[in-house]
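So the sequence lines, in the order shown, correspond to chains V and E.
Everything in the first sequence is counted per the numbering used here, starting at 6 for the first residue and increasing by one.
Everything in the second sequence is counted per the numbering used here, starting at 6 for the first residue and increasing by one.
Hints may contain errors.
A pair holds if it fits inside one copy or across any two, identical chains being indistinguishable in the list.
[Said to hold, decoys possible] The calculated lysine-lysine pairs, modelled on DSSO-like cross-linking and capped at a C-alpha distance of 30 Å, are:
| # | residue 1 | residue 2 |
| --- | --- | --- |
| 1 | 547 | 70 |
| 2 | 33 | 489 |
| 3 | 358 | 234 |
| 4 | 125 | 489 |
| 5 | 317 | 106 |
| 6 | 106 | 547 |
| 7 | 317 | 517 |
| 8 | 482 | 206 |
| 9 | 135 | 517 |
| 10 | 125 | 317 |
| 11 | 482 | 358 |
| 12 | 317 | 143 |
| 13 | 234 | 192 |
| 14 | 547 | 125 |
To be clear, the hints were calculated from the coordinates, so they are not data collected in a lab.
A quick note: this is a predicted structure, and the numbers were derived from the prediction, not measured.
Number of protein chains: 2
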Amino acid sequence: MLIALAQINPVLGDLEYNTGKILEYINKANAARCDLVIFPELALTGYPAQDLLLNDQFLDAVEIKLQEICLVIGDTGVILGVPMRGINGLYNAAALMYRGKLQYVQYKSLLPVYDIFDEKRYFEPARERKCMAFKGNKLGVTICEDIWNDKDYWNRQRYDIDPLEELVQQGAEIIINLSASPYHYGKYALRTDMLSKLAVKHQVDMIYVNQVGGNDHLIFDGSSAVVNKVGTLCLQLNKFAEDFVVFDTGELCKRVLDETGHEDISWVYQALLLGTRDYLYKNGFSRVLVGLSGGIDSSVTAALATAALGPKNVMGVSMPSRYSSQGSRDDAGLLAENLDIEYRLLPIENIFKAYTELFNPEGRSIMDLAEENIQARIRGNILMFISNREGQMVLTTGNKSEMAMGYSTIYGDMAGGLSVLADVPKVMVYRLAEYINREREIIPQSVINKPPSAELRPDQKDEDSLPPYQVLDQILKAYIEEIKPINEIVAMGHSRELVLDIARRVDAAEYKRQQAPPGLRVTSRAFGSGRRMPIAQRWRFK
Amino acid sequence: MLIALAQINPVLGDLEYNTGKILEYINKANAARCDLVIFPELALTGYPAQDLLLNDQFLDAVEIKLQEICLVIGDTGVILGVPMRGINGLYNAAALMYRGKLQYVQYKSLLPVYDIFDEKRYFEPARERKCMAFKGNKLGVTICEDIWNDKDYWNRQRYDIDPLEELVQQGAEIIINLSASPYHYGKYALRTDMLSKLAVKHQVDMIYVNQVGGNDHLIFDGSSAVVNKVGTLCLQLNKFAEDFVVFDTGELCKRVLDETGHEDISWVYQALLLGTRDYLYKNGFSRVLVGLSGGIDSSVTAALATAALGPKNVMGVSMPSRYSSQGSRDDAGLLAENLDIEYRLLPIENIFKAYTELFNPEGRSIMDLAEENIQARIRGNILMFISNREGQMVLTTGNKSEMAMGYSTIYGDMAGGLSVLADVPKVMVYRLAEYINREREIIPQSVINKPPSAELRPDQKDEDSLPPYQVLDQILKAYIEEIKPINEIVAMGHSRELVLDIARRVDAAEYKRQQAPPGLRVTSRAFGSGRRMPIAQRWRFK
Chain V
6 MLIALAQINP
16 VLGDLEYNTG
26 KILEYINKAN
36 AARCDLVIFP
46 ELALTGYPAQ
56 DLLLNDQFLD
66 AVEIKLQEIC
76 LVIGDTGVIL
86 GVPMRGINGL
96 YNAAALMYRG
106 KLQYVQYKSL
116 LPVYDIFDEK
126 RYFEPARERK
136 CMAFKGNKLG
146 VTICEDIWND
156 KDYWNRQRYD
166 IDPLEELVQQ
176 GAEIIINLSA
186 SPYHYGKYAL
196 RTDMLSKLAV
206 KHQVDMIYVN
216 QVGGNDHLIF
226 DGSSAVVNKV
236 GTLCLQLNKF
246 AEDFVVFDTG
256 ELCKRVLDET
266 GHEDISWVYQ
276 ALLLGTRDYL
286 YKNGFSRVLV
296 GLSGGIDSSV
306 TAALATAALG
316 PKNVMGVSMP
326 SRYSSQGSRD
336 DAGLLAENLD
346 IEYRLLPIEN
356 IFKAYTELFN
366 PEGRSIMDLA
376 EENIQARIRG
386 NILMFISNRE
396 GQMVLTTGNK
406 SEMAMGYSTI
416 YGDMAGGLSV
426 LADVPKVMVY
436 RLAEYINRER
446 EIIPQSVINK
456 PPSAELRPDQ
466 KDEDSLPPYQ
476 VLDQILKAYI
486 EEIKPINEIV
496 AMGHSRELVL
506 DIARRVDAAE
516 YKRQQAPPGL
526 RVTSRAFGSG
536 RRMPIAQRWR
546 FK
Chain E
6 MLIALAQINP
16 VLGDLEYNTG
26 KILEYINKAN
36 AARCDLVIFP
46 ELALTGYPAQ
56 DLLLNDQFLD
66 AVEIKLQEIC
76 LVIGDTGVIL
86 GVPMRGINGL
96 YNAAALMYRG
106 KLQYVQYKSL
116 LPVYDIFDEK
126 RYFEPARERK
136 CMAFKGNKLG
146 VTICEDIWND
156 KDYWNRQRYD
166 IDPLEELVQQ
176 GAEIIINLSA
186 SPYHYGKYAL
196 RTDMLSKLAV
206 KHQVDMIYVN
216 QVGGNDHLIF
226 DGSSAVVNKV
236 GTLCLQLNKF
246 AEDFVVFDTG
256 ELCKRVLDET
266 GHEDISWVYQ
276 ALLLGTRDYL
286 YKNGFSRVLV
296 GLSGGIDSSV
306 TAALATAALG
316 PKNVMGVSMP
326 SRYSSQGSRD
336 DAGLLAENLD
346 IEYRLLPIEN
356 IFKAYTELFN
366 PEGRSIMDLA
376 EENIQARIRG
386 NILMFISNRE
396 GQMVLTTGNK
406 SEMAMGYSTI
416 YGDMAGGLSV
426 LADVPKVMVY
436 RLAEYINRER
446 EIIPQSVINK
456 PPSAELRPDQ
466 KDEDSLPPYQ
476 VLDQILKAYI
486 EEIKPINEIV
496 AMGHSRELVL
506 DIARRVDAAE
516 YKRQQAPPGL
526 RVTSRAFGSG
536 RRMPIAQRWR
546 FK
């Protein structure tokens, strides 16, 4: 069989656009005389459509579009991910359509409700699994989570059933998996390894078709793949971009990729570009504003935005105060020059003075927390003022380590439409900076070298308030991503006092994070829907 | 049997405090020589503990506290709601303890994942249901959702099984339900009616014990109740306050309450007081700041805060601009006088001028959206400045109709720790104002009479930008709470153009709402975790 993989980037809820895109790829497959073209999970709606799926009018429109697509399908069969209403409710379905007709439907069996997933909120699970007979082949069609429950591969089985095993027992020769599997750093290696082990165990070819694109905080990496029954990766589609590849199932045993993907910091870089671009475009924006402090976070954010959107669509705004060092001012300007972006200098001194005159008896600064925060808030206001007047989206620049510790000003540096680095730990921000500078110095070396500072009071340094980032990031990863007990984190070589202090500060900053803009997810556990914590709670680790 | 109902208000995650509270009520029941005392669902941890439940160290601590409680239990049996680890994972459990021993455990069978609920994220469902034999009685113990699946009472069955029916078939004589059932306006009548119908249908006494208290956006109303087997409400505990009541099961057939609850606007009022008070106290705050514009929303917010916290703990801040009418300035001052709260007057003119000088070539106002928003943001900054310096929490004052339409300034009037009216539609805000003025004029009549205005430009009125609130609120309720198709909303008597415009504006404001502070939930569908929508989506109703 000649099979095409259509790794598309749908726009959430834009059925018109997505249908057009699907028809375009069906035509390509037709033109290549393919037997079958396979699309990702929920390709027609985008993933996750969330509570749009509760609206019957939306589901009616989905049905109409599915019929429209079905009618034009000829000799190239199509497997498409789509929500479908059944007897017991809504299903996350894979529809096999051929010659104008819906031939088979397989619903998703395993519905994840951990991390960022809420699938049981929307979908009923499949009650049975059947192979699809197509042109003399027995296809075992699964959807995303359906193949992530192998009892040998994982320490524990999350679900009672194993759809993959069932389909193989029914005689499936090819396992097809439609996915919308969000990216995080390290996932690619895990996924490829698992696909390979499953193929060998069950002696089947595995075809994995993943969605690509950014949807709010989630980034889908694509990286669709085919693994043959001896576990060799024989086909690998683009990462972080749409792709379309045709292959012959008869040739799979002979294929070996010369080079398989090796996940390094460039993947995070590409993920952030895609996430930024899609969040902008899918929201109808094309231009952004970044406040440039001369520090590492805003420099990396501006460099990412410039790579994602082009220099004409990025404006850097420097908003120095009396506490801004000359070095920082120079670095901000130099960065803008290196990036070739528009640059504005708007000192905040007069506005700051208007506040101190309102609040301080003698009008002089007394340098308390209120005055530190007001500086950040004036900057947030200036950016939003330009945004409201000129129509750019403001990007915030905080990183995950700061967001974790609440080392940020709510309505100040946290004000904006998208937080590009919200899930990037500080140490990884430096790695991104090095990657950005891989060919020439874009981020001035002095930005990378100087100790991080918020510059909200004289001689302030991050390390006055925070442990060294190398240490902090290790503890944060264990606490947030791995949910390790305190004893285990201490056993990694940290003092109990420090670990408890960090845990306490992470918990206390929950109220800030719940008012943060969406942050692009690149780790296995990001703040937001992947980590749902109450604000008014008093659990304290010991 | 002499049974005590212990309607407590636990603090999320504060196992020490909750254990103390539980022991205190066990002692009361002991002193009253009760046979049994019943606590609400997940009383030991509070509800919803969210991702705290993913942490093994937290669950270890819960186990230790449960043992501690168990050991002191004597001749008064205790039924307590608590998370429990079992063979297949974590369960939402009801534990019957007696004479120092855990006698029976019943896990929750039906785990809701709609609206604000995420229970399948944390819990496994019970695989079986068994009556508990206790002092010669067969008790059928259920947890919250377990009794909300009667096939006769509801049009559809959400779940395959009906735990209540099973327990009755096993011979249960008394049905006990441990709940943590969040309040919304109208729920009390529904719940009471359902309890009564179920009691009659199954010919059993129903004992319903609900949690009370505010946890972030959720407010639990308590209102625990006993309904006898002929469907009569014989016992009704406090609403919106802790309570402890002892009754004799042998007497139930004779009891009829003189007066049953009738839900009116006073319930919403009490819900908001409890929600405000608990959010403050449970977060370690005691004082609040409210920006007083002289409008209805800030007046009602300040009045609610004063009733909740006492006048000494509320400060009103008036921040007039060049566009503030004299009437509004006077009304703000008069309100503060009527409430007997501290009042500060901080005009924003000088700060506003510092912005226009920075941005406008001739320093003069050009009255665009950027300048409208900066006024609101300066006010937000002033409140946060006072908060940072003096330690009060800022309450935001926007109502549900505004939040729906995006008729608010992000980082401006949306800046604060808690939004008291976020789920109160504008028309209901007026009903609250009337209720607040029921005995004497607290909110000046002129505030109630004048047409709503944001006063961000000369002669601005809400109705320049929004339909009349009577119409708007009807459409918003149908669209947001009832998820009605557009055709049905139009059929209620509205123009299609208007309905589509409102739907579009609600969808477009999603980005603002996702950066809003928690808002107290008083309707059947609030923004936040009860309505999960993507931001970057392009579905448009037709």
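Hints that the structure is at odds with (numbers, increasing): Hints 2, 3, 5, 8, 9, 10, 11, 12 not satisfied by this model.
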